[in-house]
Amino acid sequence: MSAEILKDTDSNGPTQDFVTMVVAGQAFGIPVLHVRDVLGPQRITRVPLAPPEIEGSLNLRGRIVTAVNMRQRLQLPKSDAPEKAMAVVVEYEDEPYSLLVDEVGEVLRLRNSQRDNNPATLDAKWRQIADGLYRLDGSLLIVLNIAAVLGAIRAEA
Amino acid sequence: MAVQMNMPILIVDDYRTMLRIVRNLLSKLGFTDIDEAADGETALAMLKSREYGLVISDWNMQPMTGFELLKVVRADAVLKTMPFIMVTAESKVENVQAARQAGVNNYIIKPFSAAVLKAKLKAVLGEF
Amino acid sequence: MDDLLKEFLAETQEALEMLDSELVELEQRPGDPQLLGSIFRIMHTIKGTCGFLGLPRLESVAHAAEDVLGKIRDNELTVTAEGVSLVLGALDRIKELIDSLGQSGEEPKGTDEDIIDDLHLLASGKLPSASGAGAEEEVSDTGDVAAEAVAVDESRLPGIYQRVGGAAVFDTAAETACTELLSVTSDHADAEAEMLNLQFALAGAFTSALSGKEGASDDIDGVIAGLVNNGWSVNELQLLREEFGKALGSLEVAEEDVAVVLSRFKVEATPAAAAGASVVLEDNFADPEIEVVKPAAVKEAVKAAPAKKAAAREVEKVEEADVSSAAAAVQAQPQTLRVNINVLENLMNMVSELVLTRNQLLQTLRGFTDSPFSAPLQRLNQVTTELQESVMQTRMQPIGNAWSKLPRLVRDLTQELGKKIELVMTGADTELDRQILESIKDPLTHMVRNSADHGLEEPEDRRAAGKSETGRILLDARHEGGHILVEVSDDGRGLPTSRIRAKVVQNGLATDAQLDGMTEQQIQQFIFRPGFSTAAAVTSVSGRGVGMDVVRTNIEKIGGVIEFTSREGQGSRFIIKIPLTLAIVSALIVECGGERFAMPQSSVIELVRISKNSAKGVELINGHPVYRLRDRLLPLVALNGILGLDRKPGEESSELYVVVAQVGSFVFGIIVDRVFDTEEIVVKPASRTLRHISLFSGTTILGDGSVIMILDPNGISAATSEVTHEAASEDKAAAAVSSRHEAVSMLVFKAGAGGNKAVPLSLIARLEEADLSTAEFAGERTVIQYRGGLMPLVGFDGLPARREGHHPILVFAEGDRMCGLVVDEVVDIVEGSLDLQLVSGGTEAGLLGSSIIDGKSTDVIDTVHYLRQSDAAWFELQTHEPFGVESERRVLLVEDSSFFRNLLMPMLKMAGYRVTIAEHGEAALRICNDENEEFDIIVSDIEMPGLSGFDLARTLRKDDKWKETPIVALSSHANPQDFERGRNAGFTEYVTKLDPKALLTSLSRVLAADDTRESAA
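Residue numbers (the working numbering), protein chains in the order written: chain A, 1 to 157; chain B, 10001 to 10128; chain C, 20001 to 21017.
Hints in this document: simulated from the structure, not taken from any laboratory.
On a predicted model such as this, the values are computed, not experimentally measured, just so you know.
Be aware that a few hints might be false.
With a Cα cut of at most 30 angstroms, we get these calculated BS3-like pairs of lysine-lysine [as the list claims (entries may be wrong)]:
# : chain 1 : residue 1 : chain 2 : residue 2
1 : B       : Lys10122  : C       : Lys20246
2 : C       : Lys20557  : C       : Lys20503
3 : C       : Lys20577  : C       : Lys20750
4 : B       : Lys10028  : C       : Lys20246
5 : C       : Lys20095  : C       : Lys20420
6 : C       : Lys20557  : C       : Lys20577
7 : C       : Lys20006  : B       : Lys10028
8 : C       : Lys20405  : C       : Lys20420
9 : C       : Lys20405  : C       : Lys20557
Pair ranges (Cβ atoms, derived) [what the hints assert, rightly or not]:
#  : chain 1 : residue 1 : chain 2 : residue 2 : range
10 : A       : Gln128    : B       : Asp10033  : 45 to 53 angstroms
11 : C       : Leu20347  : B       : Arg10050  : 53 to 61 angstroms
12 : C       : Glu20422  : B       : Arg10050  : 47 to 55 angstroms
13 : C       : Ile20341  : B       : Gly10126  : 42 to 50 angstroms
14 : C       : Glu20416  : A       : Ala152    : 43 to 51 angstroms
15 : B       : Ala10045  : C       : Met20392  : 25 to 33 angstroms
From the three backbone atoms N, C-alpha and C, an ideal C-beta is built for every residue, glycine too.
Please build the complete structure, drawing on both the sequences and the hints.
Listed below in structure tokens is the structure:
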């Protein structure tokens, strides 16, 4: 006998909900369960000497959240309207991060069967941070791997 | 006799992990109302404040052992018929005899599976 | 990782830490049943829980250790050092397993047979070093090597015991089978009890046979033979076998495994086999067809089952235990509740928010004395403070938690080093913040290790030195002011200053000439320099590349101070002074490059404003900017430079600020653009993505909601030039050492504009509160009815004394004269020591200067100024007072501490003396050598750099002019030896400077005696 009899059961439903967002024209999705909050433009304190992807820190109801500029992180050109950036708050290793993106879209319910596990044709740039993708009406929704997006920043540090 | 699955059960152990294990096993068997006490004194207070259908207590606790808890329960006018299962890590006939004399309904040897727990509960509570 | 596993790991680690120190205690108190019980219990619980989690390695090691402990508890084994070592070894293995479990989530591959075999040998009394008191029985158990292989479906045999679910399954199956049998065969009253015996015999036999115990395989045969001898028919035995098998099946044992188990149940066992088992026959049943074994018979049959005796004892003990006494013990236990640390952290954060909001409110409403919000705000203020204190209290842990590993460490070192060491710990219940506790764990361990390894001598050396063979390491913790003092000392050989000197010169840390100018204590502090080590040979114990410099760095990181003293041949002592908490600190908010930052106030000594145009005082030395502040050169560092921030071009201001900061003994200046207020900030750890930036120690949220980074003074000091660092620290070391012992109580209050104000508590007669609307005007003065008379009142800084509502009043009194100073709020009474230095001269009327009190810059008020306001005649009147008779007496005050100078001078003036100041011994000599100078009395500090008070007194006594003049010694700590030494040097009196009144009385007495002497002559 082992711990498995004691584990809480995990139901793997056939669909999953995603919060969608756009960064430089590319659509991304994060499983809705991983998203703590979505915020409009925030006052962000810049942090000297921080890694370039770190936009700064902000105060979210008394918690200090580290803001990550997703364009910078994904090596995309700078935004024309950085002041309009939306923030998607996620948690990684017990710490809150806010991912700064151009737009936040609706929540999509997608069938697990439609998900593609990073096809070989996927751009290498995306493959590092993708956790699979969905093809939707001719466009591509890349599922963001939060650990890959945030873990690398820490590794450089 | 049918066993009510929503019957309140009190589990007593001074080791958090064990409380959690026993709780999980009981939930697995379908029991829905499980309270926990981390020591004998708390357990006694809880037993007096709520009508439980069963107590499952560890033997080896401090400062009040499960055995002492059992004796107090059996000496209490209201609680003396409370079904009481003792959890122990040793299978010694002397221990079990002593516990039987003190009025324990049954005992379980650690570690145990849901199936073993079910068999013991059946022995104490009847079929379910 | 599974939550359950996580919880198990956390709980087990707690339990193990507790176990460590208890095991060492056990060696000292081998017989202690309570100690044994609790150690046994923890092992037992670990063993029991592991079975559920599928952790066979942990389970078997804990089990083997538990066996040994059980035997010790039952007096079957005697506690020996080797035995304890073996159990400690098992503990170490358990910790290794737990550690790798914590990392990978599963038990590592490998075997623990080495340890388990040793433990089994020990348990059986076979380990030569362990003396087996009652081990004979066990010897015969394991001695019978009759590992008889059974030829049924052998392939399934390995691991079958674990696979079916262990003892619990055999026990339950036997119970079910016996119950079934009982229901079909008998309703005899005793049958149930007898069945219990059968059940145990059966379950026990299967358990030992299948769990792989040597020689236990024929137990099952023995039980069956016993039944046969009791007249059980083959049919009945078959029924039992069948029910047993069915029960196993219902307990989810695989069919194939049931078959293997049942193959051991040989119904056709012959009575001949039973003869060997010597079973006693007895008919206990009314139903003649069924006979059941008596308890005695079953006991015989299960003879091979281990730990039988132990079990019997346990039961006896259990039965003796008095329920009422157990209940009493329960009551003595403090009522506690386990709370997740995250909950506490959250609570702390919320309280912090509350504190900040409160601060904002107070700020906003300041000046609106008549606001209807005043009263509720006052109450909110009070409740917030109390709440903050209570929540801080929940984070407090006894320092003993950080010490729990040390007894074990010392014990291991004792064996490793061949020394005799006694570890004495006092004040283990002293509480401090958990975060700080974590930070000092390693430094303390290092210091204890250091004492054991380098400090204490070998037994023969100690004997030769006339000491007891057993060396002593003392660990002591206590509260002092707002700090915790932790002391690690030993009575070993000490660290000879000559060796430190040699090493310092050898490593080029200082020249001989430089060292000549230093005191012994200053030289001793060199051991905290990077790269310094006096160990002649690197030993395995301390030579691990961690030096005392790392210890110092760690202590300073949490705002602490460490000091080292040593006496050759008598021992060494480390004293660590650390703050109570790190969670809420007072910080100076500064701006640089348009961004704000928080600088912990504890590192800030003072602020200097520099006009950019003149940049007066800023010089370049070797290309490094330095600032000349009074008599000292400070290395400067520009914050925008090290942070890589550009100054915004449009915001050129004509001023710069220098934050003078101190880290350890290094004082330096940080150039910033602007300086705001100090704020109470809540320290939050920086994000992982930012933690590598050494210039920041954390982050915080300000009262206005913005997030700012907290500067790390350590990181900034490292960023300034190493050259200037070394040069400046020499100089500073002297000052730090001399001012360290000077402590004084200050009353901190709020009044008028600006931050906190303070006044020496010794000057205040009483604290009162009165309704000031009842104050009256008497001529130009404001007075109030007080104690049956009229007391003059003065307002702070020119504010009117008469106003609405109740206000606190500081009452100053001399004889029957009184004066009240009206203030806004009494904040605290602070025992200041190290931080108490007056940092600027008393330029403003009513202020002596400002001082860092409890981490905050605080104005120290000039009481004389206010007394004079209240009553211009105060000083004339003073002359009628007991120590005011000698008005216009001339006093020379020799004192190197500016704080005490500024404290004592107004007091002496107040008492009517004419005071001349000398800032050090040499200056005093110069003044005294001036023919025109006449003094009626000389008051001199003892501890001064350069010419000490003793030297000064000796020199003056040789001079005809001064040989008769009374000289009073001032010291912050007076003891009889000092007194004697002072008298020999030529001092007339010896008083403590912490009590200004005592000084005045003493002066008055000495002068009176002097007058008598003079008139007699």
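ask   = Which of the numbered hints are not met once you compare them with the structure shown?
value = 11
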